[in-house]
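Add 53 to a position in the sequence shown, counting from 1, and you land on the number used in the numbering used here.
Derived by calculation from the structure, the hints in this document are not laboratory data. Careful: at least some of the hints might be erroneous.
[What the hints assert, rightly or not] Distance ranges between label pairs, derived from CB positions:
no., residue 1, residue 2, range
1, V171, I132, 25 to 35 Å
2, E93, T295, 49 to 59 Å
3, L245, V171, 18 to 28 Å
4, N104, E420, 50 to 60 Å
5, K516, G373, 50 to 60 Å
6, N740, Y170, 15 to 25 Å
7, F491, G276, 51 to 61 Å
The C-beta atom is built at its ideal place from N, Cα and C for all residues, glycine as well.
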Amino acid sequence: MTRLFSIVLMFSVVVIGNAQRKYRYAKASKDLTTNVYFGETIEDPYQWMENPNDPRLADWLKSQKKLTDQQWKKRVNAISLSSQIASMYNNTFAEKKDHYKETVDSVKSKYQFRDKYVTSRRFPNLEYRLRGEKHYKKLVYIKDFQLDKDDHVSITDTYTNEDYDLIAIEMSHNGSDWREVYFYNLKTGEQLPDKLMNLRVGSNLFWEEDEFIYDAYDKPEKGRELLDKAKGQKLFRHKLGTWQSEDRLLYQNPDTTGTNDFRYFKLGGKLFFKHFYKVRGKTYKALSIGNILPQSFYLSKFLLYPNSKDIYVTIEAVFGDKVFLNTNWDAANGRVLAADISQLNKVVEIIPEYDILLTNVNKLGKEKIACIYSDKGKNSVLIYNLEGKLLRKIDFPEGKKLNDFYENDDDATHTDFSISSFYHPRIWYQLSLSDLTFKPAAVISVPYDAEDLETRYVTYKSKDGTDIPMYITCLKSTKLKGDNPTLMYGYGGYGFTVSPDFNESLTLWLLHGGILAVPNVRGGGAKGSEWGKAGRKLNKQNAIDDFIAGAEYLISEQYTNSDKLAINGGSHGGLLVGATITQRPELFKVAIAEAGAFDMLRFEKFTVGSVNTNANEFGSIENKEDYDNLKSYSPLHNIKEGVKYPNVLLITGAEDDRVPPFHSYKFLATLQEKASDTSLYQLYVVNGSGHGGALNTKDFSYKLLHKYSFLFDQLGIKIY
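Could you put together the complete structure from these sequences and hints?
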């Protein structure tokens, strides 16, 4: 039940008081909107911000940009930081590019492709050449696909069919999760008339001879692309030279609500399906083979398993009629099963569950698999034959991450893998598939001494006594005197683990004496599926408590203090940051939240908010227990009058259709209205950008500059 009354919009400017700095913010228009949940009336005065077409929004955003720009111009560190970020990225990019060139040249594909940037354009064109030719030719001109001058088009993926000299180009407008596909003849370079619309991010497109298999959704209502749920998922087969409306329907998702989707992909020459299946009124999850015949399509099921949000079964490798699966089904730490695709539920265990966490299972040529394990901040790889006999175990140092241990080519004699850390780009090695020895393959040099840095793996107690793991990275010379500028980064959702990986701008932070702390709180996957479950849905507060306890640990162990402590997170991590500062504002000096979900009572009403993955993660406001829980930590609904919160920077994409930008708008407007005016609350909107996407080099650099100049300035770090 909603009531609307308009209240006038007022503008004001930033002022400085005599005693201390104060900020006077532009007051956003307020409507007397209310929503009723289980008999409880909740005011929502900024609900109008959910409508991107409301004329009041443009005025409010203009006032926020003015504030952000005013503060930006005062930061003298931005100039020095800009040149240092550029130098760091240019150096490592050149090194990565050289190695990438070596890698590409070792792959004997028929065609080669490269991006070609044009100064006047935001995103690159695509060029190609036949292998062995000297010069590249233009293939895709991005400008040809712009809807207007402010439309930012980017190529998100390509699908080459070398047997027929064809390529499908997937594109996105303004970083949206919606996709469209165009086709080109690689012999002539000509664009074909075919065009596929209403695809989504995550679609697994592939060629079937000279035809194309894809899934698409119902067309969203015009003007509501950032708001409406994606529904009506269907699998189609497209014949070149025909209209999309003529495409043959292969499979239709029986769930029309947009909550549950099906997944499919091609591996080992077979089309695999993951979908829901009912038997005598009971719903299971199923793995099937998709059979595409000239006049029909059917699924051959080979495995049924419980329809539980806590169970995953992932297809990792195919050997003939055997499919190797990575699963936590009856094994919280993970195990490896082999399923026979010719018979239903004929499954044998290949690798049992161990007391350490199985993170990946990868194919290694035609007769081996590699299992990657994680234990107390260390990675190990165990290589097995197809009967489960251990052939070799390789251990890696603490604070390092093992990547790319995979080889799908049955005829390959070796494979490449890499080791990453928080402060060094990936170092590549080559593994012999015959004797399983390895040697260095490529080393990326960096413009600093990486030996000056280190990563420590520690544990600390959360509120309920649970041990929480955390990576702490800093200069080896760092003294623990309680005054080091420290950045905590968190995610804490969807079973995702934050592992050591290189980030140029974070390395600059470290080289300037900053500490990086990364706690893997509950809700993530650091200790297996039960760890994720312990921070999900009704247990979401555990993730917040874990993050808060991490801050308390850093302070008590003399790494830092509250005036030198900042927190950062994106997407679910943005929610984590928002919930943390509304519960313990005094712990932090700075909070930077990127693409965060802050209105948890309205989250499920838009785009992908109600899909099965999110329903499992957060619950639903349609359930009283879930509603009470969501309201208890929803950042927007826990801002208190007059409280001094940390200095806050919210970063969002103007075209984000996964976590719509209104979350940031409403949260900021409420902070500026209610909270103490002695803290700075500001917004940086990346125009023409989606959920972390649609960022070219210039956009990316500006975003980094705003983020890190804010961080350095608020914590008093001098750039040298």
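Checked hints:
A C-beta distance of roughly 27 Å is found between V171 and I132, which places it inside the suggested range of 25 to 35 Å. Judged by the Cβ atoms, the range 49 to 59 Å given for E93 and T295 holds: they are separated by roughly 54 Å. At about 24 Å, the beta-carbon gap between L245 and V171 stays in the expected band of 18 to 28 Å. Distance hint for N104 and E420: a CB-CB separation of about 58 Å, consistent with the stated range 50 to 60 Å.
Between K516 and G373 the beta carbons are some 51 Å apart, a value that agrees with the proposed interval 50 to 60 Å. Separated by about 19 Å at the C-beta atoms, N740 and Y170 satisfy the suggested range of 15 to 25 Å. Range check, F491 to G276: about 55 Å between beta-carbon atoms, so the 51 to 61 Å window is met.
No hint from the list above goes unmet by this structure.
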